[in-house]
Structure formats: structure tokens, C-alpha cells
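Participant: Take a look at the letters that make up each chain.
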Amino acid sequence: MKVYLKVVLFVMAVAGVFAYFGNVVPQFSATPTKQIKVGETPAELIRAGKKIFEREDSCLSCHAIGEDPKARCPDHMEEVFLKATTRKEGMNAIEYLVESLYNPNAYVVEGYPKNQMKPVNRPPMSLSDDEIKAVLTYLINLGGKEVNVQLVKAIDDAQKPFKTGKIVLAEAGAEFSLPEGDGAQGRFTYQEFKCWQCHLIQGEHFGKIKEEEGGVGPGLTGIGAVQTKLYIAESIVNPNAVLVKGKGYTGDDGLSKMPEYHDSMTLRNLIDIVAYLSKLKPKK
Amino acid sequence: MQFFGAMPKISKDNGYYLIGSLIIITILISLSPPLVAQQVSRLAADYRNFPLIGSRMAVWIAAQFHLLFAAFVLGVPIFAVICECIGAATKDEKYDRLAKEFTRLLMLAFSITATFGGILLFLLIGLYPKIFNYLTGIFSPTMYFYSGLFIGEAICIYLYYYAWDSLKDNKKLHITLGILLNFFGTLIMFTANAWASFMMSPAGINMDSGELINFWQAINNPTWWALNIHRFIANIAFGGALVAAYAAFRFLVSMAKEQRAHYDWMGYVGNFIAMLALIPLPFAGYKLVRDLYAHNSSTLFTLMGGEFSWLFIIQAAFIGTLFIGANYYLWLGLGRIPGGHRYMKYIIYMELLIFICQIIWMTPHTLVATLTEARKIGRAHHPVLGIFGLMAAKNTAINLIILVTFLSFILYRRANRIATVSWARTGKILQGMVLVVTAAIVIYYGVKGYFASADERFGFSVYQVLSVLTCMIVVWILDIFIFLGAKVVGTIQWGKMPERSQYVLIMIAVVFVLTMTLMGFARSGVRGPYHVDGLALMADTSPYARNPSLSFATMMFSIIALSFFFITSFIFWLTGLEEKGAVTVSEPMALSKGSALGSSDAQIIEPDTPQPEG
Chain A
1 MKVYLKVVLF
11 VMAVAGVFAY
21 FGNVVPQFSA
31 TPTKQIKVGE
41 TPAELIRAGK
51 KIFEREDSCL
61 SCHAIGEDPK
71 ARCPDHMEEV
81 FLKATTRKEG
91 MNAIEYLVES
101 LYNPNAYVVE
111 GYPKNQMKPV
121 NRPPMSLSDD
131 EIKAVLTYLI
141 NLGGKEVNVQ
151 LVKAIDDAQK
161 PFKTGKIVLA
171 EAGAEFSLPE
181 GDGAQGRFTY
191 QEFKCWQCHL
201 IQGEHFGKIK
211 EEEGGVGPGL
221 TGIGAVQTKL
231 YIAESIVNPN
241 AVLVKGKGYT
251 GDDGLSKMPE
261 YHDSMTLRNL
271 IDIVAYLSKL
281 KPKK
Chain B
1 MQFFGAMPKI
11 SKDNGYYLIG
21 SLIIITILIS
31 LSPPLVAQQV
41 SRLAADYRNF
51 PLIGSRMAVW
61 IAAQFHLLFA
71 AFVLGVPIFA
81 VICECIGAAT
91 KDEKYDRLAK
101 EFTRLLMLAF
111 SITATFGGIL
121 LFLLIGLYPK
131 IFNYLTGIFS
141 PTMYFYSGLF
151 IGEAICIYLY
161 YYAWDSLKDN
171 KKLHITLGIL
181 LNFFGTLIMF
191 TANAWASFMM
201 SPAGINMDSG
211 ELINFWQAIN
221 NPTWWALNIH
231 RFIANIAFGG
241 ALVAAYAAFR
251 FLVSMAKEQR
261 AHYDWMGYVG
271 NFIAMLALIP
281 LPFAGYKLVR
291 DLYAHNSSTL
301 FTLMGGEFSW
311 LFIIQAAFIG
321 TLFIGANYYL
331 WLGLGRIPGG
341 HRYMKYIIYM
351 ELLIFICQII
361 WMTPHTLVAT
371 LTEARKIGRA
381 HHPVLGIFGL
391 MAAKNTAINL
401 IILVTFLSFI
411 LYRRANRIAT
421 VSWARTGKIL
431 QGMVLVVTAA
441 IVIYYGVKGY
451 FASADERFGF
461 SVYQVLSVLT
471 CMIVVWILDI
481 FIFLGAKVVG
491 TIQWGKMPER
501 SQYVLIMIAV
511 VFVLTMTLMG
521 FARSGVRGPY
531 HVDGLALMAD
541 TSPYARNPSL
551 SFATMMFSII
561 ALSFFFITSF
571 IFWLTGLEEK
581 GAVTVSEPMA
591 LSKGSALGSS
601 DAQIIEPDTP
611 QPEG
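Here the protein sequences line up with chains A and B, keeping their order.
Using our numbering, you'd call the opening residue of the first sequence number 1 and step up by one each time.
Using our numbering, you'd call the opening residue of the second sequence number 1 and step up by one each time.
Hints are supplied without guarantee of correctness; some may be wrong.
To be verified - With a straight-line cut-off of 30 Å between C-alpha atoms, the simulated DSS-like cross-links for lysine-lysine are:
#1 K163/A <-> K229/A
#2 K130/B <-> K51/A
#3 K118/A <-> K257/B
#4 K496/B <-> K6/A
#5 K6/A <-> K257/B
#6 K130/B <-> K160/A
#7 K153/A <-> K51/A
#8 K130/B <-> K163/A
#9 K257/B <-> K2/A
#10 K2/A <-> K51/A
#11 K257/B <-> K94/B
#12 K153/A <-> K88/A
By construction, these hints were calculated from the structure, which means they are not laboratory data.
One chain only, chain A, in its complex shape (with noise of 0.2 Å):
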């Protein structure tokens, strides 16, 4: 019994060294996704559709409320049901909307690339199917349409085939695109750059940015999830092509704050950023 004992405290004490090693080395943070409870009924979809869509990195990085001229994807949201009516022919307006979610490419407005918007319910951006139709009641009901539970039912019958997955999506030929480069090279470059000091990346620790001085640019956790690599790509090449709104990312002269990288950066250091940063997930 002594020796078993002592046996017994010694694989306790081997477990603790290492339990103990765990708990110094860095941690990451571990909360539980907070799902946003969708519910059922309109107002409480709407609610939850509110939520989603201002979402960090969700739909608001591209499209916009109310006027924005700079807004890369069409702004006036608040207008898109009236908008839909007329759309697409042979199409109602919450068919057409559903649509626009589930498969982009199928139809795109003049003037806007095609590729631009990856399909919500995939991944990275995975909204599920009754988050889709919380975002579609709340920008229904922004343009002043009343939502009832009629206009809900319509929503899931428009769903439906897109639920089953037996609609193609529409691929459309790329205007331009990038090679595939090195994601893991790319993360290393992201640090020699010192990309860091100025944009959040959460979960990834290449040094501590200072209230003060941190923050300069928009948060690039999950960028992958709601834009392309062209975008991405536009963004470190010419900053001012789209300007995320508020938050101080301009200066006075209403220019980004993003110095310019002509000189020093290659176009493989380009291709690898784009590769490591379009492949961030988003953390809901």
C-alpha cells in the first residue's frame, strides 16, 4: 500500500507539472459562441436580423444604409424590397432577394462586378438558413413594409430550394484574379510588414498594440469570411478605393491612414498576404 502510494503521488505529481505548464504558456481566448437567438415570430425575427446584419465584418463591409458613394456593393439597403419588385423577370421580390443571398452570381446589378459576394450560407460566412431570414425581415421592414407572418412563410417557401441544395449556383467568368500563393509565407509577411500594429487579427499574437496607437486601421479578423481576395487585395494597393466608414480609419484630409506599399512591397509578398488573409474564418 506505501509503494502504491507513493506511485499515486507521483503520476499526480507528473500530471500536475504538466496541468500547470498548460495553464503559463499563452492562452486563447474560449467563450462559447453566442448564438443570436433568430425566433419565430417577425418581431423577433426582425430583432435578430437587426443583429446579424450590423454585425462586426458582416454586411455592413460592403453594403450600406442610406446614401454612400464609395460603398462597394449597393448601398440605400433600406430600399432593396422595393428594388426587388422589379428586378428580375418571372421573379417576385422575396424570390429575388432569397436569391441574391443564396447565389449571387445569378443575377448582378449593372455596374457591379460578378464574384464579388460569396453565397451567405457557405462557408466562411455560413449564415444558417433562419439567419438569413431574420437579415430579410429586418431590411423588409426597414424600407417600411410591414412583415407579417405571411411575408415570413413566403420567405421559407423561397428558401426551400436553396435548403435542399439542388439549385447550381451560377459561377461567373473573373475579370481578373489572383494567382494562389502561400498563406503560411503570407503570415510571415504580415508580421515583416508590420501589418499588426495598426490591424487586428484576434486569436493571433504577433505583438501587443497600444490603445493608443492600435486600432489605426479596421479589424481584420475573418476578412475571408465577406470579401474576395480582389478586394482584399485592392485594399493594401489602393486603400482609398473603399474607405470603411467611421472609426477615425481617414484623416483630415478624409484619406486613409494606410501608408503606401508601391515601393516595398512585391507582388508574391502581395499574393501571399492575400492568401493567408482570405482564408481567416470568422468568428461569429
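For this one, chain A is given, so just place chain B on it according to the hints.
Facilitator: Then chain B, alone, in the frame of chain A:
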């Protein structure tokens, strides 16, 4: 009722009960997934909660225990059969007794494995019906197949153990049973690996609707074979380590000299098997991660550069401890071998090299620094440590550790022998050159990795691995021929080991368990918010979708490891009850024919030097 001629007699009633029970169990296991899936689909619940600890922890605990015991039950028969074959070939009974003793440990462990397997199954069905229903839809034919294999394994394992003495005059049949046991066990593992690997790297399905397109592709997905190989080797290593820990404990509680000698030898053999399997294991693990990367490159970023990067520092600590412990045990063992003192002088250098390599392996790439500190450093990484935090350095370090461990084995093997062949000196110089050249190749590709792209660097690891494996084979073969007909400087004094050596064996087993719990956590967690990686249909929308912190995880590992050892010590205690006083030694355990695993062509001479203390 008698089977196979000389088999033990089973009464007619008992025989019918046994067969009837097995049939009923098979039917129940086979029918349960589809039956329950029907119920679940009506209730349409995606998740259910488990009281107090939550669903995730409940499944985590059940799965981990099942995996630990299953690894033991699958690994031990492999080397038990090999041991029995050695005994049959050399007509040396102690190998046969050792094989039987290995197998004795299996019986209760097998029942416990099945128990935890059943618990896991019910928890998955009840708590995660969404994913379980989906997996059943894809893999139900394999689940029926699995049930059949389980029956086959159960029959074989009971026959293999209980018919041991009855079939002592028909070794061929008994060994065939053992091989069949391993056949069923391996196939069981391969079948279950298909489900686990599919969740990491799905194939053969429509990635939008989740519909099955090709059943074989779903099984033979990108990581299936890598997982098969890795787990096969790891089971052997784990089984060996647990057996060595058992022997270590029995050594510590034994008072009789013969018993201590027996368990000292058993511990050595168990540790030898564990280390033999541990050496190729990092390569198998690397292959698994490479295949995962080929399937989904973002997984690698998560594993090595993101959320799990510090987990791999902990893994480095575990694996390094295993190698350091194994080497230390071998060096202590030199003390029981006459002539072993000749090699004691090299130990300090080998220790130093291992520690340096271990430190390099554990160096993180990214230090958590403030902006001011980073500016003082002048770059994102520390100018010295940053160099060692990369895979180029770490691959080099582990390959060198493996080479040193191999060298420890070589020195141990020749500790009590003096070569008598005329070309012995040339042969040893040749061995030395092969080792040095291999080390140079490993370091060369390690340094070159700093100047190569990521893809090229991945390829360099293959050259490093191949050179180490080639070196081990060449040096081992040379060693066999150099020491043909060697003079033996006295017999190995089994039992003459300091007690701390046995605690080293126990520590190795504990760290093996911790390593398995850690890597199981990594494998499950790397899927992120998906039950099946990348499949939106199977996104994890439960409250436990995100991975817990390392702090929480390591606490879980420790609790599971301690619980596992309490259960295992209960098994060992029961086994000890059965064999109380059964260990007899018909000849002095000090081998008279060379080093540990026997060499039939050595000459014996009496020791003329006092034995060094361990």
C-alpha cells in the same frame, strides 16, 4: 462440446449461452444506430444537453477513455504474438510466459474498452443527434461491419488467452488465433478511423447538400491512411509503455529477488517496444498533418500558426520528456550490465545534445511582447529565439533526438559484449561515419529550410526522415555482423536497478497518456466550428462550438490521466490476484546468451570487473 480438438471443454449450456449472447449483442449493436436515428429524426433535435458538465465534456471524457483503453487492447496483442513467436522459434519458455502475461492484462481492459465504447455511443446518439444521424446516413454499412469485427475480436481474444495452456502443444494454431485477433483489431480501428478522418477531411460528398456521392471515397478520404498508420504505431508504443509501467509497479512491490528480476526484464522489454514504436511515430504524425494541409491549408495555420500553436509547444514538452526518460532509463540500465561502464563517459554528451534539441523544439516562434518591447527588439521576433521557433529547426531537433536515442540502444546492446571479428574496428568506424553523415544531412536540410519556400521546406523533412531511417537500418545491420560470435562479459544482472528507474517507466506511461489526450484534443478541435470540416450543413451550432482554452484542456487531460491510472491500477490489482505466486523462474533471469533480447551465438566469459552501481 469441444472445438478444435484439444480446446478446453465448455459445457453445452454455457456454449449455447455464449453463442446466443454474442448473437443478441451483434443484432442490438447493428440495429441501434438506424433505429435511434429514426426516432431522432422525428424529434428533430440537433443537440441535447448533459446535466452538470455539459454535452461536450461528457462526450470528451467517454471518447478519451474509450480511445485510451482501445489503444491498449489493440497494441498489446501485436507484440504479445511477436513475443510468442520468438518463444516458439527459440524454444525459450520465458518469452512464452511473457507473452501470456501481456495477454492477461488484456482481458479486463477489453471489457472496459467495450463499456466505454457503449457509453460513448449512447452519449453521441442522445446528445449530438444531428451529427450522429448524418454520419450514420453516410457510414451505416461500416457500422454493421464494425459489429461483426467486434464479435470476431471478442471470440479471438478469449480463445487466445484461455486456450493458452491447452494449446501449448499446438503453437501454430495458438499463434494463428493471435494473428486473427490482431487482424480483427486492426480492421476495427481502420473502420472507426474512417469516421474520425471523414470529420476532419470529408470526401465523396456534395459539400453543399452533404449528400453521399461515393461511399469508398468517404472512407478512403485524404487523412484516413495517415491516421491508420499513426494510430497503428502509436497503439504499439502506448501498449508497450503501459506494460512497462505495470512491470515497474510490480518490481517496486516485489520482495523476492527472482520476481524483481522478472519484472525488471519485463519492464525493459515493454519500454523497448514503446521506444521502438515511438521513433517512427513523429514521422507518421507529420504525414498526418501534411495530408490535412493538402486537403485544407487553413487547418495548418490553425494548428501551427494560430489557435493551436502553443498546444504544439506542450506536445514538444511531452515528446521530449518521453525521449529523455527513455534514454535515462537505458543509461541507468547500463549499470546492471557488466561492461556497461565503458559507455558511461558518453552519456553526458548525449544528455547535453538531447537537452539542447529539446529546448529548440520547445521554443515558440512568436513571443507575446508589447509594442515597446517589439520596437526595442527591432523586429517582430527575438533575434536569436526567433530563429529556433520555426519548423526547420524543430524538425532538425527531433531527428537528432531520435538519432541519439538510437545510439543509446546501440550502446546498450553491445554493453556486455566484445566483438571478436577481425574487422570490428573498421566496422565501428563505419558505423560512426554513417551516424555523423546522417546528422550532417539532417542539419544541412534544416539550415536550407530557412532559405526555402514553405512547400520546399515540407519536402526537406522527407529527406531528413529518410536519412535517419536509413542510418538506423544500416547501423543496426552492421552491429549484428560486428558482434557475431562476440565474447560476453558476464551476465546481465536483471533486478539490479535503482528504484528511480521504475519511476521513470511510470512517468513515461503517464506522459504517453497525456500526449494522447492532448493530440485527441487537437484532432477534434482543428475542425473549428464544424462537426464535419467545411460542411455548412454540419456546422456546430451547439453552445460548445468553440474550442476551450489550453488551461482548461490541460486540466481535463490531467484529470482523465489520473482517472485512467486509477482504473488501470484496479485492472493490475485484479490481474495480480489471479497470478499471485504464479511467477516462477526456472533458471536465473540473468541471461546467459548476450544482451536483452537474446543472441544465440555469443560466447560466455566470467566478469572480471566489479559491477558499477546504477
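Participant: Decide, hint by hint, whether the structure agrees.
Facilitator: Hint check results:
Restraint check: the Cα-Cα separation between K163/A and K229/A comes to about 27 Å, which is no more than 30 Å; the hinted pair holds. Proposed proximity of K130/B and K51/A is supported: the alpha carbons are some 26 Å apart, at most 30 Å. Distance check on the hinted pair: K118/A and K257/B sit about 74 Å apart at the alpha-carbon level, beyond 30 Å; violated. The straight-line distance between the Cα atoms of K496/B and K6/A is roughly 21 Å, inside the 30 Å bound, and the hint therefore holds.
Distance check on the hinted pair: K6/A and K257/B sit about 21 Å apart at the alpha-carbon level, within 30 Å; holds. Taking the CA atoms of K130/B and K160/A, the gap is about 19 Å. The hint holds against a cut of 30 Å. Using a Cα cut-off of 30 Å, the hinted pair K153/A and K51/A holds, with the two alpha carbons roughly 21 Å apart. For the proposed pair K130/B and K163/A, the alpha carbon gap of about 16 Å is at most 30 Å, so the pair holds.
The suggested pairing of K257/B with K2/A holds, with an alpha-carbon distance near 19 Å, which does not exceed 30 Å. For the hint linking K2/A to K51/A, the alpha-carbon distance of about 62 Å lies beyond 30 Å, and the restraint is violated. For the hint pairing K257/B with K94/B, the CA-to-CA distance comes to about 17 Å; that is within 30 Å, so the pair holds. Distance hint between K153/A and K88/A is fulfilled; the C-alpha atoms sit about 21 Å from each other, no more than 30 Å.
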